[in-house]
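Start from the sequences, fold in the hints, and give me the full structure.
2 protein chains.
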Amino acid sequence: MADNRKRRRTEPSVGEELPFKNKLKPDSVILQILKDFSASSSSSSSSSKTLTLQDLTLPFTCREVADLSLASVRSNIESLNLRIAHSILSGLGFSFDVPSRSAANQHYVAELDRIVLKDKSSLRPFANISTVRKATITARILELIHQLCLKGIHVTKRDLFYTDVKLFQDQLQSDAVLDDVACMLSCTRSSLNVVAAEKGVVVGRLVFSDDGDMIDCTKMGMGGKAIPPNIDRVGDMQSDALFILLVEKDAAYMRLAEDRFYNRFPCIIVTAKGQPDVATRLFLRKMKTDLKLPVLALVDSDPYGLKILSVYGCGSKNMSYDSSNLTTPDIKWLGVRPSDLDKYKIPEQCRLPMTEQDIKTGKDMLEEDFVKKNPGWVEELSLMVKTKQKAEIQALSTFGFQYLSEVYLPLKLQQKDWL
Amino acid sequence: MADNRKRRRTEPSVGEELPFKNKLKPDSVILQILKDFSASSSSSSSSSKTLTLQDLTLPFTCREVADLSLASVRSNIESLNLRIAHSILSGLGFSFDVPSRSAANQHYVAELDRIVLKDKSSLRPFANISTVRKATITARILELIHQLCLKGIHVTKRDLFYTDVKLFQDQLQSDAVLDDVACMLSCTRSSLNVVAAEKGVVVGRLVFSDDGDMIDCTKMGMGGKAIPPNIDRVGDMQSDALFILLVEKDAAYMRLAEDRFYNRFPCIIVTAKGQPDVATRLFLRKMKTDLKLPVLALVDSDPYGLKILSVYGCGSKNMSYDSSNLTTPDIKWLGVRPSDLDKYKIPEQCRLPMTEQDIKTGKDMLEEDFVKKNPGWVEELSLMVKTKQKAEIQALSTFGFQYLSEVYLPLKLQQKDWL
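From first to last, the protein sequence lines stand for chains E and U. With this note's numbering applied, the first sequence corresponds to residues 16 to 434, in that order. With this note's numbering applied, the second sequence corresponds to residues 16 to 434, in that order.
Check each hint, because a few of them may be wrong.
No copy labels: a pair is met if it fits in one copy or bridges any two.
Stated by the list, open to error - Using 27 Å as the maximum straight-line C-alpha spacing, the simulated BS3-like pairs for lysine-lysine come out as follows:
1) LYS181 <-> LYS36
2) LYS360 <-> LYS40
3) LYS40 <-> LYS166
4) LYS322 <-> LYS288
5) LYS172 <-> LYS36
6) LYS172 <-> LYS427
7) LYS403 <-> LYS181
8) LYS172 <-> LYS322
9) LYS360 <-> LYS172
No wet-lab data here; the hints were simulated from the structure. Every value quoted in this text rests on a predicted model; they were computed, and no experiment measured them.
Structure representation (structure tokens):
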């Protein structure tokens, strides 16, 4: 097997005439560039790391949640119940005080580079015909979460829904109240031990523990390790990587995993296979925080590629109350960028015309604070909207299946060509 | 961490009044039942294993493909090219002889319990206006596969498409010809080193090698190991499991992984997270073949659950030429079966009414040979269509989050309640 791998590396590559292959310097030069980058990134992240909501003087109060231990969640629920009992015994009935998660209560904070929730909330009284159902659902979800705390197990939203279908009626209702409960208890949804389906995989220079088992991601073959659904059982992260490579899609991930790209340029390769799921976002954030590594993103050159980058970077509006725990600041846009299409001479037939919807999404994104604060991104996105052309990462295969791992990425790294 | 786990197991379960919990015998009794089952299954599978297409006297000839080494694929392509060159030099021009993959050329063989391809084929001449494009695409795909053989790498269908967008125009065209080429060369699509995206995960009592790395699936935490996209780099399977538990969906998989069900009842747990993908089907078949273990399926109680079971069991029509390599014979339907709904007293509100489409799909499936040959399945499916009720695996959560792993599955195993 080892021979086999070596054979693949030493065999003369088919296309010596590959565009820009002659610009590549020896790996040692590129490695030095990466080491400098990694060092500067880790020092800057440790100095800027301290900036939190508390450090800012914002004209309004913000609500943020934190990862809480099971014991704290349990005691928060019990305190809440005591307050309710007290209110009932005082003859006042009871209401839940539920933070608003609506768009009007959301705000992008440039200093933190993420969306946060303001502090508006509304009462959900039990003794009111319009809110009695929701109040009852809220009480029931609190009870179920309390059970999870006692048992110390994790369940999915779907499991939660099925414990009381008669009351919840449909899953949208139990899901929505679940987010309400997280806000009410000031904890992340993962602290409630309710997890989403896992989708992501990781491979490369990372060792970590998953529920007590030590996992060495350099020894995970081509398939990689499935990212665990419950981040609270993940720990002991160790790595000699110089950066994290965040990949939008499966196909590019597979190419890099098979070529063991992480052995040539020490890195950790991670993908959520499309839309970022909560587990992958938490895992990425934890890697960045624990290992202090820069994150470089490889996404399609279309508005959705940038959108995916933005979800990792500054959060989705739906879960803005949890943005500080779910987002990974300072992700660099490595490629494939609109300007790469001409620069790397991607043939016309490998580019795709943008649809009306694509162009609209692109224009909308130009108005987003998250994009606007990075002039390089504005320039790239404007170019995309102007040329009305998009391209997938896979378009690079036009120069050969391994062009991505053998020329494009090494050259990008060598030229520090990220934004 | 270890303490934590122990605590969860010894803590008194909340619902001692759980339906049927009192019927459960000690684990040692259930384990003995499983050992007997596993032994009988492995002896019957080794005796019946020899039945192949060649053993049958069918009224027509069938076409089957096999896993070929890269060297064989390469030499098959080279021989084909020589024949073409000869034909051209003889002044005859050239045609590809392409096996038909249409429904009319497919046949369910009850003795083998899978769909096979008959031997109809059609000519694809280069010098004909109606076929010149397809003939050219075929030649190009053959050339690209030949390159993959030389390099010994794997690519996705998407990569393949992008190597010549101008010719292929859209991916449906290169995908279709890729299947043609596999049939022409009498090899599986995975032998061509073109792989699909990975989706499945595996956890439990299995050790195997993935691209040279040894993977111990009991030490993969809760996340499990991502099933490798390329089965040809998977090997050295070892296991002390008594059965393989094939799970339709994520949520049930997660429950069993977190509860480390495989340590209580030695098994391997595998899921494709919904629709079975080629990589998971190949992996399941390899486990069954190499380890000679019985396979028990846990799917939703709806027509799609049974459909998914049928794809693992007898193949999809789309890839019937490859059915002998992709299918896993003799999968038992463990649950959730329509008769379980009443038997386990699943409350009405956790059952869902079947839609018109569901009922139609159910009735159509009653006509399928694959279902008809198993009277127990016909009975179950008829019951489903009659009651017009379906239910997800998750419906069992109505009795508590761990009812699945602590009562339902152990009792099913104890009662050998599979069909």
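Tell me, please, which holds for LYS360 and LYS172 at an alpha-carbon limit of 27 Å: within, between, both or neither?
Classified as between: cross-chain Cα gap 23 Å, same-chain 47 Å, threshold 27 Å.
For LYS172 vs LYS36, is the C-alpha pair at or below 27 Å within one copy, between two copies, both, or neither?
Result: close only across copies, 25 Å inter versus 49 Å intra.
Checking an output row: LYS40 and LYS166, CA cutoff 27 Å. Within, between, both or neither?
For LYS40 and LYS166, only the inter-copy Cα distance (23 Å) is at most 27 Å; the intra-copy one is 56 Å.
Using 27 Å as the alpha-carbon threshold, which applies to LYS172 and LYS322: within, between, both, or neither?
Both, since 25 Å and 25 Å are each at most 27 Å.
How would you label the pair LYS360, LYS40 (within, between, both, or neither) given a Cα cut-off of 27 Å?
Answer is within: at 20 Å inside a copy they meet the 27 Å cutoff, but 69 Å across does not.
When Cα atoms must be at most 27 Å apart, do LYS403 and LYS181 count as within-copy, between-copy, both, or neither?
between (50 Å within a copy, 19 Å between copies)
Classify it for me, LYS172 with LYS427: is the Cα-Cα distance of at most 27 Å met within a copy, between copies, both or neither?
between (41 Å within a copy, 26 Å between copies)
Checking an output row: LYS322 and LYS288, CA cutoff 27 Å. Within, between, both or neither?
both (14 Å within a copy, 25 Å between copies)
Indicate which option fits the pair LYS181, LYS36 if close means a Cα-Cα distance not exceeding 27 Å: within, between, both or neither.
between (64 Å within a copy, 24 Å between copies)
Checked against the numbered hints given earlier, the structure satisfies every one of them.
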